[in-house]
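So the number in my numbering is just where the residue sits in the sequence shown, counting from 1, plus 33.
Take these hints with a grain of salt, some might be off.
[Claimed, not checked] Computed list of lysine to aspartate or glutamate pairs in DMTMM-like fashion (alpha-carbon distance at most 25 Å, straight line):
id, residue 1, residue 2
1, K59, D36
2, K161, E205
3, K71, D36
4, K161, D183
5, K161, D172
6, K59, D109
7, K71, E89
8, K161, D118
9, K161, E107
10, K161, D149
11, K59, D170
12, K59, D183
13, K161, D36
14, K161, E206
15, K161, E89
16, K59, E155
17, K71, D169
18, K71, D170
19, K161, D79
20, K71, D109
21, K71, D183
22, K59, E206
In short, the hints are calculated from the structure, not lab data.
None of the values given here were measured: they were computed from a predicted structure.
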Amino acid sequence: WIDTNIYSPIARNRPHYPFRLLYIGKLGRLKGSDLLPKIMRCLGPDFELRYTGSPEYFGSTIMPTNMTHIGRLEGDAALIAAYRDADALLFPSRLEGFGLVALEAQACGLPVLPTDVASLPEVVLHNKTGKLCSMDDVDAFVAAARSLRDQPARWRQMGVQARNRAMLFFGEEIALQQWISTYDRCLSSA
């Protein structure tokens with residue numbers, strides 16, 4: 034669960050120009066980071082990606098000019114500020130245990146563009162709180178990002194739905210109540 038009182042959105046009626054994507058996490062093959070430059074080259078100058086992790090991961094790859102390394106984010110305040118300053122989370126992970134980053138982004142009112150693998154479809158509802166993309170499908174991520182940028186009302190609606198879902202199913206108070214209820218049922222049946 035997450036504290037949805039802390040992880041919360043700011044009021045915005047339209048996305049940035051250029052449309053601002055965010056990638057939070059370690060850079061590595063399992064996280065799909067190798068796809069980031071390919072996706073951003075296809076998206077072009079109408080999009081920008083701010084990313085964490087070590088840029089050395091990309092080695093001698095010539096990076097697209099629409100990718101900006103924002104360094105390591107220390108603490109909740111820096112992380113929340115990055116979410117609030119973005120329009121959508123780009124998350125092409127190939128393997129994900131739970132998808133905490135996707136959940137944090139949704140709590141901050143961001144639509145999420147993840148891979149349709151592992152636990153991510155449990156956290157992100159396709160066409161409601163984000164757009165699930167097939168693994169390694171650069172074109173799908175590009176199309177998903179463009180559809181959000183091209184439909185600002187839909188982008189805003191997805192952000193609202195993402196926030197509501199995070200609060201309803203993954204908020205700290207709800208989760209704690211569910212744990213207590215589960216323990217009570219176990220104890221009463223013993």
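*For the pair supplied as a hint, K71 and D183, confirm whether the alpha-carbon distance does not exceed 25 Å.*
holds, 20 Å
*Under the criterion that the straight-line Cα-Cα distance not exceed 25 Å, is the pair K59, E155 satisfied?*
Distance of about 21 Å is within 25 Å: holds.
*Straight-line Cα separation of K71 and E89 no greater than 25 Å?*
Satisfied, since the Cα-Cα distance of roughly 17 Å is no more than 25 Å.
*Given pair status - E107, K161, alpha carbons within 25 Å*: Answer violated: K161 to E107 is near 30 Å, above 25 Å.
_Agreement of K161 and E205 with the hint, judged by alpha carbon distance not exceeding 25 Å_ = holds, 22 Å
*25 Å Cα cutoff - pair K161, E89*: Distance ~35 Å between K161 and E89 Cα, so the pair is violated.
*Regarding the pair K161 and D118, is the alpha-carbon distance no greater than 25 Å?*
holds, 21 Å
*Satisfaction of hint between D170 and K59, Cα-Cα up to 25 Å*: Holds, at roughly 20 Å.
*Do the alpha carbons of K161 and D183 lie within 25 Å of each other, as the hint requires?*
holds, 16 Å
*Are the Cα positions of K71 and D109 separated by 25 Å at most?*
violated, 30 Å
*Does the structure keep K161 and D36 at a Cα separation of 25 Å or less?*
holds, 22 Å
*Does the structure keep K161 and D149 at a Cα separation of 25 Å or less?*
holds, 14 Å
Of the numbered hints stated above, those contradicted by the structure are hints 3, 9, 12, 15, 20 and 22, listed in ascending order.
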